[in-house]
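S.K.: Letter by letter, the chains look like this.
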Amino acid sequence: MSIQLSNVSKQFGDVVAVNNVSFTVQEGELLGLLGPSGGGKTTVLRMIAGLELPTSGDILVRGKRVNDIAVQQRNIGFVFQNYALFKTMNVFKNVAFGLKIKKWKKADIKNRVAELLELLGLDGLEKRFPHQLSGGQRQRVAIARALAPQPSVLLLDEPFGAVDAKIRQELREWLVRLHSDLNVTTLFVTHDQEEAMEVSNRIVIFSRGHLEQIGSPREVYEEPSNEFVARFIGVMNVLDTEVRGGVARVGELEFPAPERRDTRQLRIGFRPFAVQVSPDPTQYRYPGIIRHTFFLGILMRVEIELPSGLIIRARMTKEEYAQLGLHEGQNVSILIRSYRILRGEDEPLSPEITAVDKGPGAYGADI
Amino acid sequence: METDTKLLRRGGDTKSQRGTEESPFVKWLLITIALGFVVVFLLLPLVNVFWQSLAHGLAVYWESLVDSDTRSAIKLTLLIAGISVPLNLLFGVAAAWAIAKFNFKGKPMLISLIDLPFAISPVVAGLMFVVLFGRQGFFGEWLDTHEIKIIFAVPGMVLATVFITFPFVARELIPVMEATGTEQEQAALTLGASGWQTFWHVTLPSVRWGLLYGVILCNARAMGEFGAVSVVSGHITGQTDTMPLRVEKLYQSASAASMTAAFAVASLLALLALITLVVKTFLEWRTQREFALAQRSVSETPLLAPSIQVPSRQQ
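From first to last, the protein sequence lines stand for chains A and B.
Going by the numbering used here, the letters in the first sequence line up with residues 256 to 622, in that order.
Going by the numbering used here, the letters in the second sequence line up with residues 364 to 678, in that order.
These are computed hints drawn from the structure, not numbers from a lab.
Where hints are given, some of them may not hold.
[Stated by the list, open to error] As a list, the in silico DSBU-like pairs of lysine-lysine whose alpha-carbon atoms are at most 35 Å apart:
#1 B:LYS464 - A:LYS355
#2 A:LYS361 - B:LYS464
#3 B:LYS464 - A:LYS319
#4 A:LYS319 - A:LYS355
[Said to hold, decoys possible] To list a few chain B residues with every Cβ distance to chain A over 10 Å, as calculated:
#5 ASP430
#6 GLN499
#7 THR508
#8 LEU554
Backbone N, C-alpha and C fix where the C-beta goes; we use that ideal spot for every residue, glycine too.
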């Protein structure tokens, strides 16, 4: 089902929760709505469901305007953040509810529920009540209940927010598999960028009611459209510099900025992966000392302190770290391979600038 | 070192006593006072009611209950409760729904107003209706010309009872409904349920014990109410006497037979109170569970480790 939002806004009193948002969801897509809390993503989801009405703008489903169609008639499956299972009904009755309302025949209901419970790995739990289930099980009952009446779109509000980290990981993979099995258009809301990157075909990024960017996980990571996205997706070193003599400086770091006037403030950002670390303190221009290393599974995060006190975050694989023979307290030198000039939250980003290190004493970077 | 040990011993002469606990003497004194109070002021009078009513044997007891005026009082009590309890069930659910599920201006006002009948003396409540509907009252003339009798008749007694018992259902429901929130109802809507279906299948079942509890309390008060009903009843024997009014009338007539009869009717009311107490205790337990269930967060530790597997569909 293709869903289209065009210039949709939503106000709650004086608060503008969603501000002039337009985007299109393709048939069969698995789309993540990502943003910090209060960004407006849940409101967008609820407007698509019909649980909230847009203050202005249109929501179209398969080209048809649905603004005035009641939530009951929209044929959507909605999974609430806290699942909202009917606590006075057992698992079977929860899943069967939508079918009973739609006046399915008893035998058909039985078959459909059995089919879903098997699909979601819940068979044998028909008689359990919600309070007798684990968090992950409740989540899957909620999904089964939403899927039962064969909705044309599945909407999930923070689907993994209420379960612990280990189960969350399993559920993510499971959702991707479920989606590829059922091929139902699925939108989910999350504030966890890692989750959005891992699960979605495409990501819509919201902040303060604005749509910041829409694109594939790779696009939003590699080509963030503005500073907000760049800083929200993945980790970024952000430095505030001042231009003097055509060079943007902070501490001992220097970035060429020939066309900028003096005393201008420039904000420079670069990914930890763009930081090259050498165990030879003289190989690159900037010497430093490894203050902390953090073990992140297959990745290592290394914090390097420069003589001026600036802390630079670098990331590398565990193997790289071992090969270079790095350890805490070691004297190293670093190269910033590429960086961007950030121009304020809502401004478009400059293209990435690749740096060339000419060795100690020379300019740190060159265009 | 020896003094240290002594000091320690002084604090710990009873093994299980905590540092913050009162001495056993104070504890037992308080328990005795509370228990004594309950026995003297609550239990003894209650036992006495049954004792007095059965003092002349079961036959006399039965006879005084089947007396035609007493029978009509029992019938009237059942009738009034039968009308006012369902009415307040309806009002109570509506009011609780409005307060728990919506935000609107004047909501705190409405909550205080619901408690008004608790704050007002029942006699004053009765008088309010006399002032409104009595012959010299606000609507008195109009009612007179249309030959509608409210005061000193059953309609007035029902009105007074509805007023007095208004808060019971709403007050029980509001906290349960508030704790439940609106997500389950929204879920029902997304599954295609109409507003009525949602109410019937989702809202009502999740508050059923609280609702029953409110109804039981409401009923007990409706049957037992004296003050407000007395003011508007007019005390017409065989017509506008409820059980509590009948008890008073029999008692006031002061003959030995009517004394026994008064206690017999009173014993029925006392029995109602005892049944209410038992049902109430049970429902209280259920309501607390309902409330706890409603409040329970979903993020608690899983009871079972979930085994997640999507069986690959056979093509």
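S.K.: Compare the structure with each hint and give your call.
M.R.: Comparing the hints with the structure gives:
The suggested pairing of LYS464 (chain B) with LYS355 (chain A) holds, with an alpha-carbon distance near 25 Å, which does not exceed 35 Å. Restraint check for LYS361 (chain A) and LYS464 (chain B): satisfied, since their Cα atoms lie roughly 33 Å apart, inside the 35 Å limit. This hinted pair checks out: LYS464 (chain B) and LYS319 (chain A) have alpha carbons roughly 32 Å apart, not beyond 35 Å. With a C-alpha separation of about 28 Å, the suggested pairing of LYS319 (chain A) with LYS355 (chain A) holds against the 35 Å cut-off.
Remark: the non-interface label on ASP430 (chain B) is consistent with the geometry, its nearest Cβ contact in chain A lying 47 Å away (cut-off 10 Å). Its beta-carbon lying about 50 Å from the closest one in chain A, GLN499 (chain B) satisfies the requirement of being farther than 10 Å from that chain. No beta-carbon of chain A comes within 10 Å of the beta-carbon of THR508 (chain B); the shortest separation is about 49 Å. Remark: the non-interface label on LEU554 (chain B) conflicts with the geometry, its nearest Cβ contact in chain A lying 4 Å away (cut-off 10 Å).
In this structure, only the earlier hint numbered 8 is contradicted, and the remaining ones agree with it.
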